[in-house]
Amino acid sequence: MMKKLFSYTALLMLLLACSCSSVLDIAPQNIIQGKDVFSNESAIKAYLATLYNKIPIQDNNYQIPINAPNINYMSQLTGESLNNAYRWMNSVGDGTWLQWWGYDAVRDANEFLENISTAEFPDDQKKEWEGQVLFIRAYYYFELVKRYGGVPLITKVQNFNGSNLDSLQVPRNTEKEIYDFVASELDKAAQLMGETSAERGEANRYAAYALKARAMLYAAAEAEYGHVALNGLVGMPASEADHYWQAAYDAAKKIIDDKKYSLYAKQDDKAENFADLFLDQDNPETIFAEYYSYPDRVQSYDNRARPKPENGGHVCPTLEMAEAFEYTDGSDGKLKLTDSQGNPIEYKDPAALFAGKDPRFAATILYPFSSWPTGDVEVRAGIIDNGQTITTNDYNQLYQGMHIIGDHGIGGNLGNTTTGFYVRKYLDPAYTETDAAVSRGNDNPYIDMRYGEVLLNYAEAAIELGKVSDAAWAVNEIRGRAGIKLLGDGEVTRDRVRHERQVEMAFEGGRRYWDTRRWRLADKLINNTKFTALYPYYNFKDKAYIFKTLKVGYALTFYPKLYYERIPPAEISKDPKLIQNPNY
Amino acid sequence: MHYRNVLLAISVLAAFASCTKNTDNYNPPDAGIHGAVVDAITGDSLQSEQPNGFRIRLIDEGYQDATPIDFWGMADGSFENSKVFSGTYKVVPIEGAFFPADTQEVAIKGMVEVQFKVTPFLTITASAAAEEGQIVTKYRISRDSVGDKITVCKSLVSTHPTISNSIFDKAVTHDLTGTDDNEILATEFTDTLPGLEGGKTYYVRIAAATNNALNKYNYSRIIKITLP
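Quick note, the sequences are listed as chains B and U, same order.
Heads up: the first sequence is residues 1 to 584, going by UniProt numbering.
Heads up: the second sequence is residues 1 to 228, going by UniProt numbering.
Keep in mind the hints are simulated off the structure, nothing from the lab.
Glycine residues also receive a C-beta, built at the ideal position from the N, C-alpha and C atoms.
The reader is advised that the hints may include incorrect statements.
[Stated by the list, open to error] Computed footprint of chain U on chain B, listed as stretches where at least three residues anywhere in the stretch have a Cβ under 8 Å from a Cβ of chain U:
1. 221 to 229
2. 536 to 547
3. 554 to 562
[Said to hold, decoys possible] Calculated cross-link-like contacts (lysine-lysine; reagent style BS3-like; alpha-carbon spacing at most 27 Å):
4. B:K54 <-> B:K530
5. B:K543 <-> B:K334
6. B:K548 <-> U:K170
7. U:K200 <-> B:K551
8. B:K336 <-> B:K551
9. B:K54 <-> B:K126
10. B:K574 <-> U:K83
11. U:K90 <-> B:K524
12. B:K266 <-> B:K485
13. B:K188 <-> B:K254
14. U:K90 <-> B:K577
15. U:K90 <-> B:K574
16. B:K530 <-> U:K200
17. B:K541 <-> B:K485
18. U:K224 <-> B:K530
19. B:K336 <-> U:K170
20. B:K45 <-> B:K126
21. B:K254 <-> B:K266
22. B:K334 <-> U:K170
23. U:K149 <-> B:K524
24. U:K170 <-> B:K551
25. B:K334 <-> B:K530
Start from the sequences, fold in the hints, and give me the full structure.
Next comes the structure, spelled out in structure tokens:
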């Protein structure tokens, strides 16, 4: 034993001594060296792919990274949805949940921009690449500024030479400087890039305009509804609001005028059409999307969100979300649960409760007894007979031969809905629960920027600028495609435009969270607020359903400090010139 | 096998051999600061909420560019931090529903008491009466210094004494964004909080806010009421 130990030690010593020779100072053969990247086209492509991948898009794989065994989607921060049972969130954050201090990504982009000009490729090709990286870097800074307000603006690769620490510790720029930088960089990027993407998933000129319209909308809302604090490190000057609304309006208008994109309208059935918009890969509405490749990089929303008793149902839309969808005649979307006396209405066909709703409702939400490839979504909270309400938490319990609760809840298995609803947007009915495409993920793309959003951005900027007829046109494009009543000019208000955005973009990439945050409405909409579930009960004698409502989950509060994320304290200890945001 | 255990023991011993008891450690903080933030005009303590009401900032003058030490104050306007190193500090209350306050220089040694006078954005005087199954509040909003536009006021009721803008069972809210400030200040508000249980003890509070940068609320005192 001892002998063996000695020999190991000796070997170790020898190995250690070996490294003293320069023999080992050779470049690793399996990693391409920085200087070689820019002489090889496929290496540049790979570098670009890495840069794209670092954009913190809150796609359908994105889960809020908090320490819990939970699967938390952005829609749970706004009451669009709740998680399934026992996984309800008891908070909407503390200022650290949505961190992204992406300066490693910024550095990679800076490195690329510094080296690409000397690479030996045709100028056209280099211009295209440079434009793409300017777009990506602007996207990084937009993601930083929307979270933290002003951040240090670093556009050159920083290197430590032993004595320049002070110059590497950069203080925060103002929020306005960052938004202005994003705007001018996207203009440059748009000039350099072509009208069509060189390759699927890469940005083009219109992606730059679309991102600019989005970013300017955030800047304008910050100016209009926020406050300047910390000498401008957070907040935008109120006097500049119109300038940014106009910038958003102009950027969106370019896309609209050039007519390279259009709303998806391939199917006659409006609901099927809206559902397919998120699944059809040949889509005239997609401006910028994330693509996947099975099995290397997959998206697993179908696994987590589907109505699947054993492990699914992580996105359960609330009754509030369901009722936000209007009826096709343009009337308020409140469901008719009770008659004028307040007694529950009986529905022989439970799905009839949802008749006449905005077709986008059925394309976005699976409601009780809607049809789905694996059969109707059976959601029943219990049975009423002789005035008695019979409930259970076990699907196998029968009452006179009938399952007391539905196969898909409410109650029973852990993966069942807690609100009576499941999400449908982005779920692919071509798969069934047992498919590998569900359990292991699939390559259905995620659309980050679509023409529908551009129209809504245009409408919002227009209504804020007082251009009512422009706003009405854009909102009616959306409503016409959706299949609901168009609005007259007089009906289009700021609230109507925001409402259209809420239903059209529901469950897409945390849009609602960032929207209510930039409108400074989040602390009013979510303050000690519980959300509502819809409980269908079967009346045994009348053979009909009635619907009751129940507040479920925890009371949630959005504290005003969440209007800015906390700067990570570890970054402040590295760079003492960083000033922390208020209230942290 | 034994050898391995012995070796392990030796290496553990060796690892800890460098630890000594005294040379490496500072004494723990032995001083503290406590006190209250009061309304400069009325002399009453500032009514706030917990958490997220206001903070006390300590800046140690013994260091250049010292990182500030911030801690939260309590709902009744008092504050206490009993784990501070002795020394001279600049102390200031921040991020509350009041206009920026003056900094005080405080020599902290032992437990020191400090009082801060601040001007709240709004002052609320309220009363509440218990009725059958409900509570009726009456209140007025006043101010000593004109700041941002008054945007909202609300009557709150809770079974918890920690009642605040975000902790309540029932609330009656008035959106005042479209109402002129002078009109608001001249109004006596009356709210009815219905649907309460008889025999139960409730806490009632009025909250009001201006369009201030940090969205802070001013509060009335907490009124404790047992329903008949």
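Each hint, compared with the structure:
Given as covered by chain U, the region 221 to 229 of chain B passes the check, having 3 residues with a CB less than 8 Å from a CB of that chain where 3 are the minimum. Counting residues of the region 536 to 547 of chain B whose beta carbon lies closer than 8 Å to any beta carbon of chain U gives 0, which falls below the threshold of three, so the coverage claim is violated. Chain U is given as covering the region 554 to 562 of chain B, and this holds because 4 residues of the stretch bring a CB closer than 8 Å to a CB of that chain, at least three being needed. Annotation: proposed proximity of K54 of chain B to K530 of chain B is violated, straight-line Cα distance about 35 Å (limit 27 Å).
Note on K543 of chain B and K334 of chain B: the hinted pairing holds, with a Cα-Cα distance of about 24 Å set against a maximum of 27 Å. Between K548 of chain B and K170 of chain U the alpha-carbon distance is near 22 Å, which keeps this suggested pair within the 27 Å criterion. Note on K200 of chain U and K551 of chain B: the hinted pairing holds, with a Cα-Cα distance of about 23 Å set against a maximum of 27 Å. For the hint linking K336 of chain B to K551 of chain B, the alpha-carbon distance of about 18 Å falls within 27 Å, and the restraint holds.
Restraint check for K54 of chain B and K126 of chain B: satisfied, since their Cα atoms lie roughly 21 Å apart, inside the 27 Å limit. Taking the CA atoms of K574 of chain B and K83 of chain U, the gap is near 26 Å; set against the 27 Å cutoff, the hint holds. Note on K90 of chain U and K524 of chain B: the hinted pairing is violated, with a Cα-Cα distance of about 35 Å set against a maximum of 27 Å. Note on K266 of chain B and K485 of chain B: the hinted pairing holds, with a Cα-Cα distance of about 20 Å set against a maximum of 27 Å.
In summary, the hint linking K188 of chain B to K254 of chain B is supported, as the alpha carbons are separated by about 15 Å, within the 27 Å threshold. A threshold of 27 Å between alpha carbons decides the hint, and for K90 of chain U with K577 of chain B the separation of about 20 Å falls inside it, so the pair holds. Under the criterion of a C-alpha separation no larger than 27 Å, the hint pairing K90 of chain U with K574 of chain B is consistent with the structure, at around 24 Å. Between K530 of chain B and K200 of chain U, the direct Cα distance comes to roughly 23 Å. Compliance with the 27 Å bound is thereby established for this hinted pair.
For the hint pairing K541 of chain B with K485 of chain B, the CA-to-CA distance comes to about 39 Å; that exceeds 27 Å, so the pair is violated. With a CA separation close to 25 Å, the supplied pair K224 of chain U and K530 of chain B stays within the 27 Å bound. Annotation: proposed proximity of K336 of chain B to K170 of chain U holds, straight-line Cα distance about 26 Å (limit 27 Å). Pair hint K45 of chain B plus K126 of chain B holds up; C-alpha atoms about 12 Å apart against a cutoff of 27 Å.
With a C-alpha separation of about 24 Å, the suggested pairing of K254 of chain B with K266 of chain B holds against the 27 Å cut-off. Under the criterion of a C-alpha separation no larger than 27 Å, the hint pairing K334 of chain B with K170 of chain U is consistent with the structure, at around 23 Å. Straight-line distance between C-alpha atoms of K149 of chain U and K524 of chain B comes to about 17 Å, which keeps the hinted pair within the 27 Å bound. For a cut-off of 27 Å, the pair hint linking K170 of chain U to K551 of chain B stands: about 14 Å separates their Cα positions.
Between K334 of chain B and K530 of chain B the alpha-carbon distance is near 18 Å, which keeps this suggested pair within the 27 Å criterion.
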